[in-house]
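Line order of the protein sequences matches chains B, R and C. Going by full-length UniProt numbering, the final residue of the first sequence carries number 314, and the count climbs one at a time with no gaps. Going by full-length UniProt numbering, the final residue of the second sequence carries number 430, and the count climbs one at a time with no gaps. Going by full-length UniProt numbering, the final residue of the third sequence carries number 279, and the count climbs one at a time with no gaps.
Keep in mind the hints are simulated off the structure, nothing from the lab. Predicted model, so just to flag it, every value in this text is computed and none were measured. Even glycine gets a Cβ: it sits at the ideal position worked out from N, Cα and C. A few of these clues could be false.
Below 30 Å or equal to it, Euclidean Cα-Cα: the simulated DSS-like pairs (lysine-lysine) are [claimed, not checked]:
1) K301/R to K290/R
2) K242/R to K159/R
3) K187/R to K176/R
4) K58/C to K53/R
5) K50/R to K319/R
6) K287/R to K175/C
7) K175/C to K50/R
8) K65/B to K133/R
9) K91/B to K72/R
Negatives, chain R to chain C, calculated, CB over 10 Å [said to hold, decoys possible]:
10) T220
11) P248
12) V251
13) Q277
14) I281
A short list of chain C residues far from chain B (calculated; beta carbon distances all over 10 Å) [to be verified]:
15) S6
16) E38
17) P48
18) T57
19) K58
20) G67
21) F80
22) G135
23) V137
24) R164
25) D210
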Amino acid sequence: MTTNAVPVTATAEPRLRTARRVKDYAIAYSFIAPWLLGFLCFTIGPMIVSFLLSFTQYSVTSAPKWIGLRNYVDIFTVDPQFWIALGVTLKFVIISVPLKLAFSLAVAMLLHGNYRGVGVYRTIFYVPSLIGGSVAVAEMWRQLFGLNGAVNNILQFLFGVPGDNWIANPNTALWTLILLVIWQFGSPMLIFLAGLRQIPKELYEAAAVDGANGVVRFFRITVPMLTPIIFFNLVMQLIHGFTTFTQSYLITSGGPLNRTLFYALYLYQHAFQFFDMGYACALAWILLAIVGTATALVFKSSSAWVYYESERGA
Amino acid sequence: MKRWARVSSAAVLVATLLPGTAWAHMKRDESTTIRIAWWGNQEIDNRMLKVIKLFEAKYPNINVQPEYMANKDYWTKMNTEAAGGNLPDVMMMDYAYIRNYVKNNFLVDLTPYTKNGSIHVNDVNPADLQGGKVNGKLYAINIGDNAPAMLYDPQLFKKAGVPVPKPGYTWDDLAKVATQIRNKLGKQGVYGIEPYDNVNMFFPYYLRQRGLTLYNAQGTGLGYKDDSLLANFFAYWQNLIKKGVAAPPSVTQSISDPTDELIVHGKCPFLNVWSNQAVYISEAAGKNLKLLPLPTLPGGKDGLWIKASALWSATTQSKHLDADLKWIDFFTNDLQAQLTFGAEFGIPISQKVQQHLYTRLGPLYRTEYDYIQYVKKHSRPIDPPDPPVASKIRQIFSTIQQAVNYLQTTPEAAAQQFRQQAEVAFRQGS
Amino acid sequence: MWRHASRAAFHAVMWVISAFMLYPILWTLASSLKPESEIFTHAASLIPSHIDWSNYTKGWIGFGDVGFARFFANSFFITFMVLIGTLLSSPWVAYGFSRLRFPLRNTLFVCLMVSMMLPAQVTVIPQYILFRHLGWVNTYYPLIVPAYLGGSAFFVFLIMQFIRTIPRELDEAAKIDGCGPYRIYTQVIFPLCAPVLVTVAIFAFYWTWDDFFGPLIYLNNTHLYTVSIGLSLFSSADVGTNWGPMFAMSVLSLLPVLIVFLFFQRYIVEGVTMGSLKA
């Protein structure tokens, strides 16, 4: 409690203060209790089990057999696919996350106003994110980028160049999946829109009085006020990017030539196709360490660039 | 604290609503309920549900709770249920998974029940039960016979003026025919063949022609010693790609569904299939596609085999084995049930059923039936079931196969690489 | 004049982007209206040779005695329950994390974050065994109850970030008026979170509607299946996918989420008036 509204005077009895603090804590815990209950009952147990299983050979259908660190040793020493999957996923994250964030922020800025037709655009732009990741979407995407698909027709029409099978070409397959996730940019866009709405109008009015133009207002007000939301989207897209699964599972199955072998897909193959859940658990905990480190770094950096209105000067 | 009141009242609401919906369809008087799980599509699910209606009519005290899903999801769910001790009473089984399920004691040994007549197999050729056996014991009953096949498009051969190969044609003949068709129709974008260098059918077939198997008898390693075998196999297909006869992977790689295959589009005369796929691919293509056996090896052995496209197993987690056996027996032998099911999973194993269906189902069924009869005369028994590590080996193979088809590696290097990676997988799996 | 031109340019840009956004949807719609034999043979065409509604009727009928009427009803029920649970519990928990101090706060927050990072594929088996022991398999409990217990960690963290943009003076003012945390939450924070709660509602609706893995694993009885499971039942790699009905039902399954979004999206930018605030 940095700024306490009811100042605790120095003369107050210590016992009273302790009692007060216990009461405050009790109230605080009553707020987080639902989550804590769910976490303790449904989440932490399975997490611990999966950690323990990472030291076993476990085919799912038979009892796990303790093998110590062998899964981890194997992953780092005799598994070239692990490094491929890691490389593919890193490339995917590094390219798709910034692009998706920039694109969704730009569109959110454009659609923030409330003039005619904007609601329609907002809906249209959100539609791709609503269609999700089903078998039907996967097939649509394959057709779109196939030899006789719309992408090639457009290229032929605009530039007269013959197209390629973009999903079957090892050099472009990953890019089609990157395009797919950027195309589904609706969720961060929506969060940005909600964030923009949260910025007090008075700030802009005051700045306008001071003669600040649009660009200045964007960088002096919009961006700083939006940093908690940018931060949120960055963290979530990072986590999401590292655990992306559906696109490669349904569209490319990791091919061609492992160029779209996402880490989560590789993990899934071990868990449910290779009868090697122990190995999958080890892969999962390595991924957790990587994502955790990346997230922690973003959190560490946040004190330098994220601005919290509620924590001004605190 | 008003909020808590709201939360808890909502929770109470949930608690009262849920059981009502969840259990309403499950509890019916005192009769036995068994869960039967299978994979399918809309057509198969609907037919199977009709068969279940017939079954329930015949045995009014047995209720069936059907559990069906797409084959892509089937094993994810079954493995989870196996781990959770919640397997269905009867489950559809696949030859690729049977050894793993038997090893962990999930399947009931059906041998005594075929002997005491609970499952009537007198009308079944013993060879058709082979695909449900592990270590000599019968753990699953074949639903329908299937065999490796080449689907071909007679129209395209006619158009090219190239004679259709006769059964008994050789690997060289296949390459020759494909080249001829490509030369004649290449300008219209027709390829002569696709690279069928797969591990599910063509490579085991290639090994079997040489009296070898993909895995050794114990399932602890590869069944062939000489890497030049695989190298030659890869080279056969890679050469066809290099010559432009076989469709390159940029054309074939992104095809995900057989109904989108080149043969459907009239762009290739052949497609490598399991025989029961012929009917629906023909329907999708809107033309009468026909079946050929795979190419023969002069002086070699019969490489073909009969495989169950799916099987029924009773699980050890079932408490109603009696009802489970009734279902398996009913499905195998009941004429009306089989006519209703329409041989969706290949040719039924009961000879009585086969005769019953021959005149009652369409010409496509008869083509398939005749093909299976041909294969039975020119085949050897199926290889032992895959070891559990096989699914990983298949994945390794298909990655290397892609590298071969994309011309990124030589057949020799690919063959060596496959052995190296497979051996690591075997070591990890043991 | 200049204004007109810039507005025209704005709309032009928007329409170009819209075309990219909509094309794949139109493709799915067109495919759902094509006779099944044309779906791949005329894949590039957006115009069916003739409109064929049979995919819709064939798909809607479904499988034996369960069809999409049932699947839609089930999906609506689950989605509605999850939505309520999420809106009740997520902001409640988020408020605790973002405004109140308590022992282990940072540790628990790390737990919250970490729970999002572990791929679900490796916790599904232990979770399944857990729910089986609770007797919850083949019921909707595993799909619904977690929403009442804080909902997804994503929502808690999202709302936390929003609460942190709300100036603390508002809490202080309420405190001086004698409000405790409960009243500050209900009267100050909750109403101010309206835009983000609308966002959360949209996400919760759509994610639950679209969820596949949970229903697949936990539901055995086909009468309990959801729309997403229903859609998957058309597909089969070895015995042939029923593409026509699948595309048709995919289009239908898009409608509820689209309507919900269309209805709610304006509240994100306009805000919802939930008890005005004199701040």
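Hint by hint, here is what the structure shows:
A hinted pair counts as satisfied when its Cα atoms are at most 30 Å apart, and K301/R with K290/R qualifies at roughly 24 Å. A distance of roughly 25 Å separates the Cα atoms of K242/R and K159/R; the hinted pair therefore holds under the 30 Å criterion. Between K187/R and K176/R the alpha-carbon distance is near 18 Å, which keeps this suggested pair within the 30 Å criterion. About 21 Å separates the Cα atoms of K58/C and K53/R, which keeps this hinted pair within 30 Å; it holds.
For the suggested pair K50/R and K319/R, the alpha carbons sit about 24 Å apart, so the restraint of at most 30 Å is met. This hinted pair does not check out: K287/R and K175/C have alpha carbons roughly 79 Å apart, beyond 30 Å. At roughly 68 Å between alpha-carbon atoms, K175/C and K50/R are farther apart than 30 Å, so this suggested pair is violated. As the CA atoms of K65/B and K133/R are separated by approximately 27 Å, the hinted pair is consistent with the 30 Å bound.
With a CA separation close to 28 Å, the supplied pair K91/B and K72/R stays within the 30 Å bound. Taking the minimum C-beta to C-beta distance to chain C, about 27 Å, the non-interface status of T220/R holds against the 10 Å cut. With a least beta-carbon separation of about 20 Å from chain C, P248/R lies farther than 10 Å from that chain, consistent with its non-interface assignment. The claim that V251/R lies off the interface holds: its Cβ sits roughly 14 Å from the closest Cβ of chain C, which is beyond the 10 Å cut-off.
Distance check on Q277/R: its Cβ comes as close as 7 Å (rounded) to a Cβ of chain C, failing to clear the 10 Å threshold; non-interface status is violated. At roughly 8 Å from the closest C-beta of chain C, the C-beta of I281/R falls inside 10 Å, breaking its exclusion from the interface. Residue-level check passed: S6/C sits 12 Å from the nearest beta carbon of chain B, beyond 10 Å. The claim that E38/C lies off the interface holds: its Cβ sits roughly 13 Å from the closest Cβ of chain B, which is beyond the 10 Å cut-off.
Listed as outside the interface, P48/C is consistent with that label: its C-beta sits roughly 15 Å from the nearest C-beta of chain B, beyond the 10 Å cut-off. Remark: the non-interface label on T57/C is consistent with the geometry, its nearest Cβ contact in chain B lying 18 Å away (cut-off 10 Å). Annotated as non-interface, K58/C keeps its C-beta farther than 10 Å from every C-beta of chain B; the closest such distance is 15 Å. Against chain B, the non-interface label of G67/C holds: every CB pair exceeds 10 Å, the least being about 18 Å.
Listed as a non-interface residue, F80/C keeps its Cβ farther than 10 Å from every Cβ of chain B; the least gap is roughly 18 Å. The Cβ of G135/C lies farther than 10 Å from every Cβ of chain B, with a closest approach of about 14 Å, so its non-interface assignment holds. Taking the minimum C-beta to C-beta distance to chain B, about 14 Å, the non-interface status of V137/C holds against the 10 Å cut. A beta-carbon of chain B is positioned within 10 Å of the beta-carbon of R164/C; the least distance is around 5 Å.
At roughly 4 Å, the least C-beta separation between D210/C and chain B is not larger than 10 Å, which violates its mark as non-interface.
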